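J.: Chains as they are written, first to last, in the working numbering: chain H, 1 to 341; chain S, 1 to 319; chain U, 1 to 325.
Treat the hints with caution; some may be incorrect.
[To be verified] Selected chain S positions facing chain U (in silico; Cβ < 10 Å):
(1) Val218
(2) Ala226
(3) Ile242
[As the list claims (entries may be wrong)] Quick look at which bits of chain H chain S covers, simulated, 3 or more residues with Cβ under 8 Å:
(4) 180–193
(5) 288–302
(6) 311–320
Simulated from the structure, these hints should not be mistaken for lab results. These figures come from a predicted structure and were not determined experimentally. All C-beta atoms in this analysis are idealised placements derived from N, C-alpha and C, irrespective of residue type, glycine included.
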Amino acid sequence: MLPPYLWSNLAVLLLFGAGVALGVYLRRNRLWREALSSLVRRRPLAIAALCLYVLVGLLDSVAWVGGPAAGADTVAAHEARSVIDRVFAGTPESSYSAPLATVSFYGAQPLESPRGHLLGTDILGRDVLYRTLKGARVALLIGGLTSLISIPLALLFGVGAGYFGGRLDDAVFFLISTLASMPSLLLLIALIMVMGRSTLSVCVALGITSWIGFARLARAETLKLRELDYVQAARALGVRDRRIVLRHILPNLAHLVVITLVLMFSGLVLSEVILAWLGIGVDGSWGQMIDQARDEFSRDPIIWWNISAAGGALFGLLLAVNFIGDALRDILDPRTLREDA
Amino acid sequence: MLAFVVRRLFYGFFVVLGVLFLLFILFFAVASPDDIARRALGEKALPQALEVWKVNHGYDKPLWPWQARDNLLADHFRSMLSFDFGRSDADDVPIARRLRQGAGVSLSLTVPIFVLGLGLAVLLSLFVAFFRETYIDTSGVFLCVLAMSVSILLYIVGAQYLVAKLLRWFPISGYDPDLRVVARFLAMPVLVGVLSGVGGDVRFYRTVFVEETSRDYVRTARSKGAGELRVMIFHVLRNGMIPILTRVVLAIPFLFMGALLLESFFGIPGLGSMTVDAINNNDFATLRVMVFIGSLLFVLGQVITDVSYSLVDPRVRLE
Amino acid sequence: MSTLLEARGLVTSYPGAAGRVRVVDGVSLSLEAGRVLALVGESGCGKSQTAFTLLRLVAKPGRIEAGSVRLEGRELIHLSVPQMRSVRGSGIAMIFQEPMTSLNPVLRVGAQVVEAIRLHERVGAASARQRTLELFGRVGIPDPSGRFDAYPHQLSGGLKQRVMIAMALSTHPKVLIADEPTTSLDVTIQAQILQLLRDLQRESETAILLITHDLGVVNELADRVAVMYGGRIVEEGPRVAVLGRPSHPYTQGLLRSMPGRVRPGQRLEEIPGVVPPPAEWPPGCRFATRCPRVRVSCAAEMPPEVALDADHRTFCFAVAEEGGG
Chain H
1 MLPPYLWSNL AVLLLFGAGV ALGVYLRRNR LWREALSSLV RRRPLAIAAL CLYVLVGLLD
61 SVAWVGGPAA GADTVAAHEA RSVIDRVFAG TPESSYSAPL ATVSFYGAQP LESPRGHLLG
121 TDILGRDVLY RTLKGARVAL LIGGLTSLIS IPLALLFGVG AGYFGGRLDD AVFFLISTLA
181 SMPSLLLLIA LIMVMGRSTL SVCVALGITS WIGFARLARA ETLKLRELDY VQAARALGVR
241 DRRIVLRHIL PNLAHLVVIT LVLMFSGLVL SEVILAWLGI GVDGSWGQMI DQARDEFSRD
301 PIIWWNISAA GGALFGLLLA VNFIGDALRD ILDPRTLRED A
Chain S
1 MLAFVVRRLF YGFFVVLGVL FLLFILFFAV ASPDDIARRA LGEKALPQAL EVWKVNHGYD
61 KPLWPWQARD NLLADHFRSM LSFDFGRSDA DDVPIARRLR QGAGVSLSLT VPIFVLGLGL
121 AVLLSLFVAF FRETYIDTSG VFLCVLAMSV SILLYIVGAQ YLVAKLLRWF PISGYDPDLR
181 VVARFLAMPV LVGVLSGVGG DVRFYRTVFV EETSRDYVRT ARSKGAGELR VMIFHVLRNG
241 MIPILTRVVL AIPFLFMGAL LLESFFGIPG LGSMTVDAIN NNDFATLRVM VFIGSLLFVL
301 GQVITDVSYS LVDPRVRLE
Chain U
1 MSTLLEARGL VTSYPGAAGR VRVVDGVSLS LEAGRVLALV GESGCGKSQT AFTLLRLVAK
61 PGRIEAGSVR LEGRELIHLS VPQMRSVRGS GIAMIFQEPM TSLNPVLRVG AQVVEAIRLH
121 ERVGAASARQ RTLELFGRVG IPDPSGRFDA YPHQLSGGLK QRVMIAMALS THPKVLIADE
181 PTTSLDVTIQ AQILQLLRDL QRESETAILL ITHDLGVVNE LADRVAVMYG GRIVEEGPRV
241 AVLGRPSHPY TQGLLRSMPG RVRPGQRLEE IPGVVPPPAE WPPGCRFATR CPRVRVSCAA
301 EMPPEVALDA DHRTFCFAVA EEGGG
């Protein structure tokens, strides 16, 4: 059994690799090239911001054992620590401190590293900036890995049901209706309670509850595509179904996949925030930070830096993703595609 | 029309059966009655206490029909379908009573959110669509995306801090059904509920309306001499409401479920906070009932949506 | 025979990949009371855009860049928006190609005609309804009061088009623009609609601008014909002259390619090549890339106007040098 930290790092790197591979593959197609360059032209800021988040996430995923140990902690000496871990290595404070403060928040004790904490420290004395940066990897994992699970699942069921029709369609439609009629939040919670609270099970649970919407869309589109003249011609010529699906149906769903991927991302990250608030989120996520920071707001004077950092980072990522998704939707609108081509 | 409704309800019934089965698998087969009892009574409970608890809650039977005639699966189906919900696993209070108490409270929160949210979103999106391609449009869309990117939790925390703590206009949380003061307690959750949803809604509705303005019948109306305002309100709105309404009607049944987060944060004792409590207390009995109710409402919502489609769009005839 | 509408030098442009493209480039035409001018050309030559320009209905990002449109002497291009709105419908009315999508699907057809009336005249609902019923009768809609409350999707294509015509005529326009009114209809219905237009025109002395790509329709209905290619008028004159003795190479090519002229077994004639996209239009004559009589100067310079007759003209270097035919 691989140690947990190792597989999730691998997962992030794999996701990144998949993203790059997709980009290279798409660039070969003229329409996609134009779409992507149009996207970069329209939303340079959002893309730059997203790249920044991805970079931070990657930095936190490259981890190895060894190097200068943090203090004399023998456990730390054998832990794999990432680039970000190493940058922020140092003795933690005892408790809260304000951003760039020299003394602790309660009791005004001198800090281990005065003015060393750009965003202050939390209740356990951990640097807030450090925890915020680490949250980026978790967010990318939640959005990316879950999409990777749910979109192929949705395509498999949706396209299969739409293309082959008949009993398969009836069965899949029934399954979709059943799952869709269960309030997704409750289903999510039930799944997590049942499967455990690790990152993987949260991602799987999120994947199971989010494939339905896209499956329905994929099925509806496939039904339409199946009636197109060139698809009917292919079938009349005796082309095998698998080939038709791969060459005619799936490429026509590609723009929907891309848009859904981007838009689902923000929905998933927001869902995790709610899960964290219910106590079943992923360790180290911004949602968890927000949850832990909730009662800090009611203190007097209030402790604002924890929730602001996590909330701000969350907002920034979602804003970038939403802007990109929005622009993508306009660019990939079939009507616009037709006019450009 | 009647035949259509009956048929859909029939299909919906099977879907509900499917949901019940799935529910059973999730809650019983994966977490055994012993686990549930242990969670309710504590890890250190004696086996006898566990047995007594299980008997009291009807969990002392075998799971499957092939194991015995008197089994949990049959019980599960029978009790759900006859709406005999039994007692909560956490505190033994009859679930049905709680449902009755909580439903009205939830509605008093979700109905204003729904109505105000819809009205505000339609007005704003019509406004933005009227000024499409101008700076009003672009900044409107920008604001919408901004609003969409904020988690509802942050809206809640922000609202509580800003309005309750700083401005002291409304209480931070709580609920008093007395008609004279209930509005003060509901004002903030309704406000947060409307604001957190308006961004995404306006974005969608605007797209619908702008699409309609490029249609042929709008061109005809203009060629007759109709002004832009008349075109928007008399022609575009009517056609645009078709996709909007169908999306909106689907959400109506869920008004009963209450807004889980809003109720929980603002201390409103509706069905939503009841669900959240059940989650926190591992109260499977209540959770099962809530999911069942939710799926019933969903099926109802589907049928209502299809019917409303035929009412709103004269081209649609249900057979 | 009075000139009701006089359009000069209309230029309408849209943004293209390399700067703005003039889809209507210097079009001039005039419409006379009680007469039909047919605007002919292939898809994409700018016929519909010309019509939209006349009504100032050019959709963004398109823009009317230059030209003048005079309706009974009154200049329309510089009118304010409210003033133009009162012209639309009552001065110039338009019927469109696709009656299914051109009628509002959620409103009853009677109400849509009433709307047209009440936009221009202060009449009560009852009186507007009465007028609508009379109009329905005039355009040949059976059972007018029954059809008044029908939705567009409940009517056949021919009936929908009759509703459109009724709607357009309800405000007694001076000019009627008919944009491919029969293209989406069955051939038998086509004949009926054309007959209807002819009868209505005889009664009311309306000037009609008939936009079509069907030379058969032109032959049925037109008094004068203007041929368009690449956003410009290449030949214009009386129907008999243009169809019988075409001078411009494009017109000649069009007429030669009609199937009826060829015996079974013979190859059909065609104009070689395809219409170039707007981005590739040469600065001179736009037909230069496909013209059998092309000269050196054709692609580079604007072809001159050649008066073939008192009322028949064309724009061509070849004709200028050699004469028509």
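J.: Which of the listed hints are broken here?
T.: When the structure is compared with the hints, none of them turns out to be violated.
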